[in-house]
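Trainee: Residue numbers (this note's numbering), protein chains in the order written: chain V, 0 to 110; chain Y, -8 to 104.
Derived from the structure by calculation, the hints contain no laboratory data. Heads up, a few of these hints could be off.
[What the hints assert, rightly or not] Listed below are the simulated DSS-like cross-link pairs for lysine-lysine, each with C-alpha atoms no more than 25 angstroms apart in a straight line: (1) V:K8 with Y:K27; (2) Y:K27 with Y:K55; (3) V:K8 with V:K56; (4) Y:K18 with V:K56; (5) Y:K29 with Y:K47; (6) Y:K8 with Y:K27; (7) V:K8 with Y:K29; (8) Y:K42 with Y:K27; (9) Y:K18 with Y:K42.
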Amino acid sequence: NAGVTQTPKFRVLKTGQSMTLLCAQDMNHEYMYWYRQDPGMGLRLIHYSVGEGTTAKGEVPDGYNVSRLKKQNFLLGLESAAPSQTSVYFCASSGSTDTQYFGPGTRLTVL
Amino acid sequence: SQELEQSPQSLIVQEGKNLTINCTSSKTLYGLYWYKQKYGEGLIFLMMLQKGGEEKSHEKITAKLDEKKQQSSLHITASQPSHAGIYLCGADAGGSTLGRLYFGRGTQLTVWP
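Bound conformation, chain Y alone (with noise of 0.2 angstroms):
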């Protein structure tokens, strides 16, 4: 079975700060997303990498996939108390389950002014 390894389970930090999530998989993806989660309510689509190196940023977010496809990290630069929430990875393995996405288990993040 697959299995997307994601740390830290639980981050907190002070508003300013930096911050970084990563998501390893023991297998070469086919695409990796990143999701954020407020709690009570959906996933809210962040970004999508799916080429080796490949680096996208949106505002303060950075996320990046290594040349293996096997980890990305997601980084927040000046951490905002709007930035809390539960980041979750999620994996296509492609092949037979193109399309077909296994998740991290989260990391919780809090930011405190």
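Chain V on its own, in the form it takes in the complex (with noise of 0.2 angstroms):
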């Protein structure tokens, strides 16, 4: 088992452009969440999904979407990036409200 996944693990982007970061996970969790890590401020969540076809508002989702078009797939996509948003990005799965397992992260610079 893999566990968790992400793509791509690190970068760069100009203000303004767009891209999607991609979360897989192979252990038939429902439940799939985003975060961000910034120095200083620990963990903070972006959105979240409990289950195919549903997502939800995390703490700080302003500039970001997400879908969950596959229970396996986890997508947050940034339209216009800002220079706000550059972060280390982690994806986590749970089988449901229990324990959270974290992928490997994606590290964001945008200029």
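Join these two chains into a complex; the hints should help.
Mentor: Written as structure tokens, this is what we have:
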């Protein structure tokens, strides 16, 4: 089992560009989450999903969109990247309301 | 909004020493999770505590949750360089946000030989 994987691992964008981060899990988990981690801020929840076809806003959703078309995948989109979105993005999944398992992260820089 | 205070912010210890990291919430928690993160990597799940007064151990790491379910501690006995990293506590407040975690800012642990 690969667990939770994220692509890409690194990305540099210019302000205004768009991109999609992909998260995949092979544990048949219902719940999936997107977090961002910034120095001195800990992890903050962006969006989450409690099942295929459902998404909900977390603590810091502005500037991001998500989709969960397949149970195993959770996509995070940035339509018009801003320097404030420079961060490390983590995806996580869980069977239900229990332990979340994290991916290795995507390091995004917006110039 | 929920807040989770983690202390200390950083810790430098000599190999073989014991250490404790604390995590405090202003509200009663449904569950408390401890994770470890190495620089540039994802979070590795360590332990989950749910019952007041609960204590769990794995190898040289022990985590406790107080009776009020508002404070947790992570204790490492006889620290080793392999224990170095960032330790994060994550809390599930339950209720309408059941399953969603909010995290402390982390404790950076350095263990020198």
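Trainee: Y:K18 and Y:K42: Cα distance at most 25 angstroms?
Mentor: holds, 15 angstroms
Trainee: Can you confirm whether the C-alpha distance between Y:K42 and Y:K27 stays at or below 25 angstroms?
Mentor: The hint holds at about 21 angstroms.
Trainee: Between the alpha carbons of V:K8 and Y:K29, is the straight-line distance 25 angstroms or under?
Mentor: Judged against 25 angstroms, a Cα distance of about 16 angstroms means the pair holds.
Trainee: Starting from V:K8, check that the Cα of V:K56 is at most 25 angstroms away, please.
Mentor: holds, 24 angstroms
Trainee: Given the hinted pair Y:K29 and Y:K47, is their alpha-carbon gap at most 25 angstroms?
Mentor: holds, 22 angstroms
Trainee: Keeping to a limit of 25 angstroms between CA atoms, is the pair of Y:K27 and Y:K55 held or broken?
Mentor: Within the cut-off at roughly 16 angstroms; holds.
Trainee: Is Y:K18 within 25 angstroms of V:K56, Cα to Cα?
Mentor: With Cα atoms ~22 angstroms apart, Y:K18 and V:K56 stay inside 25 angstroms; holds.
Trainee: CA of V:K8 to CA of Y:K27, is that 25 angstroms or under?
Mentor: holds, 20 angstroms
Trainee: Holds or violated: are the alpha carbons of Y:K8 and Y:K27 at most 25 angstroms from each other?
Mentor: holds, 19 angstroms
When held up to the earlier numbered hints, the structure conflicts with none and fits them all.
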